[in-house]
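Peer 1: Listed here are the chains, written in short residue letters.
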Amino acid sequence: MSDASPTLRAWLTAEVTTSARQARIQSFYYGWLRLRANPLALIGLLILLGLVVVAICAPLIAPVGPNDQDLMRRLAPPSGVHWFGTDELGRDVFARVVYGSRITLYISFLVAIIAAPIGLAVGTTAGYFGGWTDTVLMRINDIFLSFPGLILALGFVAALGSGIENAVIAIALTAWPPIARLARAETLTIRASDYIAAVRIQGASSARIILRHIVPMCVPSVVVRITLNMAGIILTAAGLGFLGLGAQPPLPEWGAMLSTGRQYMLGAWWIAAMPGLAILLTSLAFNLFGDGLRDVLDPRSE
Amino acid sequence: MTETPQLQVEDLHVRFRTPQRIVHAVRGVTFQVGREKVGIVGESGSGKSQTGRAILKLTPPNGTVTAKRLQFQELDIAAASERAMLKVRGRRISMIMQDPKHALDPVMRVGAQIAEAIPADQKLSAAERRERVMAMLEAVHIRNPARVHELYPHEVSGGMGQRVMIAMMLMAEPDLLIADEPTSALDVTVRMQVLAILDDLVTRRGLGLIFISHDLNLVATFCDRVLIMYAGRIVEECAAAELADAKHPYTRGLLASLPRIGSRHQKLAVLNRDPAWLDG
Amino acid sequence: MGDTAMISVNNLRVSFGSGANAVQAVDGVSFSVGQGETYGLVGESGCGKSTILRALCGLNPNWSGDVVIGGETMLPLRTRSFYRRVQMVFQDPYGSLHPRHTVNTTLSEPLAIHGMGDADARIARVLVEVGLGPAFRYRYPHQLSGGQRQRLAIARALILEPQVLLLDEPTSALDVSVQAEILNLLVDLRARLGLTCILVSHDLAVVAHMCDRLAVMNAGRVMEELPVAALEDDSASHPYTRQLLAASLGYDRRLATGAVEDIDG
Numbered sequence: 001m002s003d004a005s006p007t008l009r010a011w012l013t014a015e016v017t018t019s020a021r022q023a024r025i026q027s028f029y030y031g032w033l034r035l036r037a038n039p040l041a042l043i044g045l046l047i048l049l050g051l052v053v054v055a056i057c058a059p060l061i062a063p064v065g066p067n068d069q070d071l072m073r074r075l076a077p078p079s080g081v082h083w084f085g086t087d088e089l090g091r092d093v094f095a096r097v098v099y100g101s102r103i104t105l106y107i108s109f110l111v112a113i114i115a116a117p118i119g120l121a122v123g124t125t126a127g128y129f130g131g132w133t134d135t136v137l138m139r140i141n142d143i144f145l146s147f148p149g150l151i152l153a154l155g156f157v158a159a160l161g162s163g164i165e166n167a168v169i170a171i172a173l174t175a176w177p178p179i180a181r182l183a184r185a186e187t188l189t190i191r192a193s194d195y196i197a198a199v200r201i202q203g204a205s206s207a208r209i210i211l212r213h214i215v216p217m218c219v220p221s222v223v224v225r226i227t228l229n230m231a232g233i234i235l236t237a238a239g240l241g242f243l244g245l246g247a248q249p250p251l252p253e254w255g256a257m258l259s260t261g262r263q264y265m266l267g268a269w270w271i272a273a274m275p276g277l278a279i280l281l282t283s284l285a286f287n288l289f290g291d292g293l294r295d296v297l298d299p300r301s302e
Numbered sequence: 001m002t003e004t005p006q007l008q009v010e011d012l013h014v015r016f017r018t019p020q021r022i023v024h025a026v027r028g029v030t031f032q033v034g035r036e037k038v039g040i041v042g043e044s045g046s047g048k049s050q051t052g053r054a055i056l057k058l059t060p061p062n063g064t065v066t067a068k069r070l071q072f073q074e075l076d077i078a079a080a081s082e083r084a085m086l087k088v089r090g091r092r093i094s095m096i097m098q099d100p101k102h103a104l105d106p107v108m109r110v111g112a113q114i115a116e117a118i119p120a121d122q123k124l125s126a127a128e129r130r131e132r133v134m135a136m137l138e139a140v141h142i143r144n145p146a147r148v149h150e151l152y153p154h155e156v157s158g159g160m161g162q163r164v165m166i167a168m169m170l171m172a173e174p175d176l177l178i179a180d181e182p183t184s185a186l187d188v189t190v191r192m193q194v195l196a197i198l199d200d201l202v203t204r205r206g207l208g209l210i211f212i213s214h215d216l217n218l219v220a221t222f223c224d225r226v227l228i229m230y231a232g233r234i235v236e237e238c239a240a241a242e243l244a245d246a247k248h249p250y251t252r253g254l255l256a257s258l259p260r261i262g263s264r265h266q267k268l269a270v271l272n273r274d275p276a277w278l279d280g
Numbered sequence: 001m002g003d004t005a006m007i008s009v010n011n012l013r014v015s016f017g018s019g020a021n022a023v024q025a026v027d028g029v030s031f032s033v034g035q036g037e038t039y040g041l042v043g044e045s046g047c048g049k050s051t052i053l054r055a056l057c058g059l060n061p062n063w064s065g066d067v068v069i070g071g072e073t074m075l076p077l078r079t080r081s082f083y084r085r086v087q088m089v090f091q092d093p094y095g096s097l098h099p100r101h102t103v104n105t106t107l108s109e110p111l112a113i114h115g116m117g118d119a120d121a122r123i124a125r126v127l128v129e130v131g132l133g134p135a136f137r138y139r140y141p142h143q144l145s146g147g148q149r150q151r152l153a154i155a156r157a158l159i160l161e162p163q164v165l166l167l168d169e170p171t172s173a174l175d176v177s178v179q180a181e182i183l184n185l186l187v188d189l190r191a192r193l194g195l196t197c198i199l200v201s202h203d204l205a206v207v208a209h210m211c212d213r214l215a216v217m218n219a220g221r222v223m224e225e226l227p228v229a230a231l232e233d234d235s236a237s238h239p240y241t242r243q244l245l246a247a248s249l250g251y252d253r254r255l256a257t258g259a260v261e262d263i264d265g
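Respectively, the protein sequence lines represent chains G, X and P. Mind the numbering: the first sequence is residues 1 to 302 in the numbering used here, read in order. Mind the numbering: the second sequence is residues 1 to 280 in the numbering used here, read in order. Mind the numbering: the third sequence is residues 1 to 265 in the numbering used here, read in order.
Any given hint might turn out to be false.
Stated by the list, open to error - To be clear about the criterion: a stretch of chain P counts as covered by chain X if any three or more of its residues have a C-beta under 8 Å from a C-beta of chain X, and this derived list gives those stretches: (1) 179 to 191; (2) 221 to 232; (3) 236 to 249.
Because the hints were derived from the structure by calculation, they are not lab data. Because the structure is a prediction, the values reported are computed rather than measured. Even for Gly, the Cβ is constructed at its ideal location relative to N, Cα and C.
The task is simple: from the sequences and hints, build the whole structure.
Peer 2: What follows is the structure in structure tokens.
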């Protein structure tokens, strides 16, 4: 961005914005400048972008298909041909890890777009109305929060049956309560502000106040929260896969790969270690990026 | 005021680095403070608060302070280390902030907090300490010191909190007091009381007082001398009693823009800022 | 003010909390404001003056008494049409504007709520009216100075073309030079639009500048109601009014020593 032409830069930093689009792009630009100043967040972002590229271009990157077996070369250690070695069926671990990124991103994306709106809706409603609404919604929330995420997800999967879609639903059901708590806490402070009073005395309905005035103020911290929680979501997904309740064989899901690799741990460490490293790297990237995002988006830090 | 001044400030600059640009908040300020009440008046962003903070080296970390001379009694503040400043802050120079609620520890009784301000080198028994605190509470005109002694900060009113702050500041017997808008969070009647206490301190104990405020009427009636700041510079300095006859167009503009009892339905004069003021 | 009263308040009471902790914030206040008049409520913080405004504009439904605005008796819950007739400007322009809404969004919101068409022209017109102009239309509040924010807050109140404007310390968060600009703007708009106003302030000079009549409040009650002329010829009689009056002139050594004696622990 440092080589942006002077006119573009002038447009981006103009004191007088002349259109709604420019005003919006400008605030993004300043956010980007702040993110850029944080090298760790940038590393996290680059890893995540890399992961997306890998997932999209998986067939180009992987030398063979994820399920191509070569029983003559089972349990081969990492080498020039098989970068991450091969597993017990002679499948290329590198190819499986590369294809596995698709599943991981699919799960995290779906969980995020299911859990965030539920959490936001419950939290802002409870916070804005208070009273009985608040009590009922928050007690339900507490029930969900009182179980460890993985156990709760296990229970749901057990009820719904195993498979990726059910794993997504189960994880989303465990992921919304912390977001609802956060949104409620934010709403309580926002509700008392003068700009909400101002829109109330314009005659706005409660739904309008929540949707157009409170939710936009909560979104940044919710985005940060869900990014930071993403590491946990990926681990839960991997955990379900590991326990055989998430993605089913032969899908190259990282947790499931880790689980099968466990049996060959002593002789062929790479089968478990490579997907394990991939999980570690992705969780770390989400955490670093989330931290950086918080500095950019959190209204309190402005 | 023939004796050497308590505080000498010469060509003080404070600059802040922001992502967008460097902000030059204080641009070459020179003044002295003796055993008197010096008012610094200006609008928000004029650099008056940053001037006060720079004297105590309390400038936020993204700011840099330079000065030809920043001398408090025998101490060269400009060259003083952070450790040396720790011995100055709150002991020889004290600061009173706008809102006492933020400056008091919420989980500690008022009396105990004031007692904490007693210099550590004074070896006193618990009873003696308590006596000192009570005397100080009385000195700031708190009528029922025994009761206030046992209160928590959230249990005292704004005016009382500000008096507790002053009592705390005075415990260490400072020579210079920097008060940054000490009364603007207070009601007018309480404001009078707090000001009277500050006034007494200067006249009886011989303190130097820097009174930072945006309120022209108040500074004109309370202080001995007034410095008017605009955009980081002192544009005018005059005796407080002569503020009404100020010469600088900025000062005159500010005075003219004040609504008065008797100005009903007239148009108030609006300040037209002359770019030339920025240079002096 | 024998002519028709635009606002008449009779025995207004507002309390906060309940049981033993109940605080009577407004304790039986009555006054009336004529059509086109600006009425001042003066007092120190916590005297109940802002609470009265919040009850009048419908932000706080927990009040009792008789309130008639524009011939219509008010119920605790207001209809949508009420808000088109009564609007309010808040004290702190930094807190009363949505930080993530541009000027344009802030001003189009009330129009959308009331289904008023021709939004584009209305916004452009009100921006000129409050002295901001079209260049400000796509800025965020953090790009505006305190005075510009307060102009925007006034524009937001006026865009619904109300008859009554409630002003809650509209200039106390502003510098004096900016205060003069905003007061001039309010005087100008009031005359041009024929607004009926209630101005709440702790600053006697501001109220004396803007109003014709005022009530001096203390501890939820009206101490004295008087014409501003009584302040001008120094004939106000109530001791509390005299105290406020003296304090508004600045520091007075003799007065202060007197005040010190009054301190209660």
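Peer 1: Does each hint fit the structure? Answer for all of them.
Peer 2: Here is what the structure says about each hint:
no., hint, in the structure
1, 179 to 191, "holds (count 6)"
2, 221 to 232, "holds (count 3)"
3, 236 to 249, "holds (count 6)"
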